[in-house]
Amino acid sequence: LTGGLAGGISGLLMGTVTGVLLGISMPLMGFILSVYQLARGATSTPQAIKGFLDCKIFDESTRTWQEYSLDDDLEEIKSAIKAEKSQTNDSSRRRVKDTEYYDLLGLQIDCSSSEIRAAYRKKAREVHPDKVDKSMREAAEKNFREISAAYQTLSDPDKRARYDNSGVGSAGDIELDLDPYVFFAVLFGSEYVEPYVGELSIASTFDSLLRLSKRGDNPASFESIDDFKATLGWNVHVLKTRKRETEIAIHLRTRVNDYVEGFLTLDAFKDSCYEEAATIAKEASGARYLLAVGPAMVAEANYFLGYRNSVVKWRGPLSNLKRKMLKLRRKASMYKSILHTVKESLGIISSECPENIGRKGEVPMACLSNTIPLILEMAWTINYLDITTTLSGACKKLFYDAKVSSKEERLRRAQAVHILGTQFYLVGLQKEGNATDPSSIDEIKDRASAAFAESVKRSNED
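Under the numbering used here, the first residue of the sequence shown carries the number 1, and numbering increases by one thereafter.
These aren't lab readings, by the way, just hints derived from the structure by calculation. Glycine included, each C-beta is placed from N, C-alpha and C at the ideal position. Check the hints yourself; a few may be wrong.
Claimed, not checked - Label pairs and their calculated CB-CB ranges:
no., residue 1, residue 2, range
1, Q152, L426, 49 to 57 Å
2, F263, L33, 54 to 62 Å
3, K403, A118, 46 to 54 Å
4, K403, D59, 17 to 25 Å
Hey, can you work out the whole structure from these sequences and the hints?
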């Protein structure tokens with residue numbers, strides 16, 4: 001019609017022919033593409049099944065199934081983290097919280113170490129107390145101390161990085177530097193179980209938030225998603241997650257090696273697992289960790305063995321379903337706990353500090369103290385999901401590790417992890433059933449204070 005209105009009869013004929021051709025060609029092209037995708041899927045599915053059963057990893061860049069090595073992966077991750085941190089540090093020096101020390105030496109914030117030394121020597125000669133009149137000596141001594149303090153800080157790479165992040169006041173006092181990793185490790189008491197859980201994800205989240213808050217008057221650019229990720233240290237976070245899974249996998253490999261190699265009998269290995277679980281259970285949060293780690297390891301071992309060591313066809317899919325249900329339950333528990341914590345905390349604040357409701361300003365600490373157990377319980381549900389997800393990745397790396405002598409060794413690794421997880425779970429249930437919760441609000445506050453003090457102490461030592 002458009003062709004007829006624009007070009008008369010010839011335009012109408014041309015438009016009709018074009019419409020008919022498009023009407024035929026478009027469905028035909030859709031059919032051809034559908035057939036192509038089906039054929040591609042039909043040829044790729046057998047390869048995917050074979051790669052899965054042969055414990056290979058699919059490489060997206062080459063679109064091939066390749067063998068995986070735990071040790072090679074760890075070395076690659078360490079190199080990537082080192083390179084990323086070096087790049088991040090170079091970038092962060094251009095965005096410092098306080099430029100006082102740089103200004104004292106007359107330096108730009110991206111100056112090199114050689115420029116720092118040269119500037120210090122020049123300034124030291126200018127303001128040295130011996131170079132001025134006696135009437136100006138007191139002021140010169142003060143300036144010389146300030147310049148010396150600036151040089152001592154900026155000439156040391158670690159002190160300079162801490163200064164860039166934290167800044168200093170006019171008196172030269174560096175702000176308290178909280179290390180979230182140490183804080184949560186002390187708070188949740190994960191010393192003996194740390195090889196099985198690594199650094200908790202909740203610590204990484206707080207570390208990113210602290211890094212963002214320490215930028216002060218030098219806000220980061222959020223013009224692109226890459227800028228946002230760089231500000232939060234996202235690339236390093238992703239690498240640390242991989243490193244965490246890989247290190248847990250290496251620990252598991254070492255832990256089960258004596259049983260896998262036949263140096264320990266089944267009963268002896270069970271006894272060693274039970275004894276280790278009993279040691280972990282003695283910690284303040286030991287039972288919680290055992291109940292978080294145990295079922296996750298059992299689920300991953302069952303999933304692996306179900307597809308590769310079972311004559312029953314439905315065992316693999318059923319184990320996979322149970323594994324996914326465990327993650328789903330823990331995720332639902334986390335969301336439920338978050339909503340419950342928010343609701344109950346608002347109720348506590350409104351009942352104990354009604355004068356602060358609807359008023360701007362901070363809520364007094366006395367009103368917040370009774371919400372601490374709720375917040376801690378919520379944190380535990382986050383930890384449960386985090387541990388489950390992390391162990392899933394770690395177990396996959398352990399089971400898929402190509403440096404094994406035979407398929408039987410892989411199966412024995414999975415069987416050993418199943419035994420270890422079962423003993424952890426049983427001891428965790430026993431400890432949880434026999435123990436009463438002694439934690440009062442004051443005890444929890446004391447534990448949090450101790451965690452904070454230890455975090456600041458270790459951070460300053462570093």
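Tested hints:
| no. | hint | in the structure |
| --- | --- | --- |
| 1 | Q152 - L426: 49 to 57 Å | holds (56 Å) |
| 2 | F263 - L33: 54 to 62 Å | holds (57 Å) |
| 3 | K403 - A118: 46 to 54 Å | holds (51 Å) |
| 4 | K403 - D59: 17 to 25 Å | holds (18 Å) |
Figure legend: structure checked against the earlier numbered hints; every hint is met.
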